[in-house]
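Chemist: Sequence:
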Amino acid sequence: MMMDTQRPSLAASIRRRQAEGLFPVIAEIKVRSDKEGDLLRGRDPVELARSMAALPVAGISVVTEPEHFGGSIDLLRAIAGAVDLPVLHKDFVMTKQQVEESADCGASAVLLIAAMLDEYSLAQRIDEAARRKLETLVEAHTPEELKLIRRLPGTLLGINNRNITIFEVDDGDVGRTEKLSLKDGDGRVLVSESAIAGPNDARRAGKSGADAVLVGTAVLQSSDPTAFLKSMIDVGWPP
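Residue 1 is where the sequence shown starts when you use our numbering, and the numbers rise one by one after that.
Rather than coming from a laboratory, the hints here were simulated on the basis of the structure.
Beta carbons are placed, not taken as given, at the ideal position from N, Cα and C, and that holds for glycine.
Fair warning: there could be bad hints in the mix.
Said to hold, decoys possible - Label-pair restraints from in silico Cβ distances:
1) Gly81 with Arg151: 33 to 39 Å
2) Thr95 with Ala197: 19 to 25 Å
3) Ala19 with Pro66: 25 to 31 Å
4) Glu65 with Lys207: 42 to 48 Å
Stated by the list, open to error - Subject to a maximum C-alpha distance of 27 Å in a straight line, what follows is the list of computed DSS-like cross-link-like pairs (lysine-lysine):
5) Lys207 with Lys230
6) Lys147 with Lys230
7) Lys133 with Lys179
8) Lys147 with Lys179
9) Lys230 with Lys96
10) Lys96 with Lys179
11) Lys35 with Lys179
12) Lys133 with Lys147
13) Lys96 with Lys133
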């Protein structure tokens with residue numbers, strides 16, 4: 001088991017990019033999806049993560065769910081060991097063991113999905129993560145889930161613009177973030193996730209109250225991922 005060490009903070013990295021006048025982007029490594037098929041197209045995911053981390057992104061997200069997204073816990077471990085930026089572990093995290101795996105593999109933060117956990121279980125996972133010095137990105141897709149999350153002490157709040165319970169096969173739209181705007185929020189970092197197609201979507205999310213966007217499919221499908229990420233970062237802060 002890996003000893004708990006000081007991992008870089010995703011929330012602090014997002015705030016730092018804002019202070020630098022850059023739009024905070026979390027760049028995601030996802031092997032495949034049910035909707036889009038193969039997303040790596042023969043590329044080495046670790047090398048791809050390194051190239052993303054060479055840019056002033058706020059962090060790297062790694063999807064480890066195997067059946068629908070082709071990921072693995074070994075991929076998380078490899079990428080966390082290859083980059084100096086905060087790494088977010090994305091999966092359907094339901095158990096204490098999965099939280100422990102996140103920490104042991106070197107992640108800075110772990111995704112928890114309100115639609116998949118009752119309030120008690122969600123609070124337990126948040127507490128277990130805190131004990132392992134893991135930040136939590138707690139995700140909502142509906143107003144009811146957002147109300148639940150705001151009662152709990154997660155480090156970061158997320159709004160998924162797609163429906164994760166059907167494995168993100170819907171098109172989604174950043175309008176979901178606009179609808180659930182947290183401009184009057186509680187000061188926690190808010191991340192707009194999924195269905196971010198380019199700089200205009202990042203700008204829309206930022207203007208509606210998001211502090212950062214998480215982008216995976218669009219950057220992986222881009223002919224030039226580096227240029228794509230730069231175009232989003234260059235939206236600037238405030239947007």
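Chemist: Work down the list of hints and note, for each, if the structure agrees.
Modeler: Outcome of the hint check:
no.	hint	result
1	Gly81 with Arg151: 33 to 39 Å	holds, 36 Å
2	Thr95 with Ala197: 19 to 25 Å	violated, 34 Å
3	Ala19 with Pro66: 25 to 31 Å	violated, 38 Å
4	Glu65 with Lys207: 42 to 48 Å	violated, 31 Å
5	Lys207 with Lys230	holds, 19 Å
6	Lys147 with Lys230	violated, 34 Å
7	Lys133 with Lys179	violated, 32 Å
8	Lys147 with Lys179	holds, 14 Å
9	Lys230 with Lys96	violated, 37 Å
10	Lys96 with Lys179	violated, 32 Å
11	Lys35 with Lys179	holds, 24 Å
12	Lys133 with Lys147	holds, 25 Å
13	Lys96 with Lys133	holds, 14 Å
Checked against the numbered hints listed earlier, the structure breaks hints 2, 3, 4, 6, 7, 9, 10; every other hint is satisfied.
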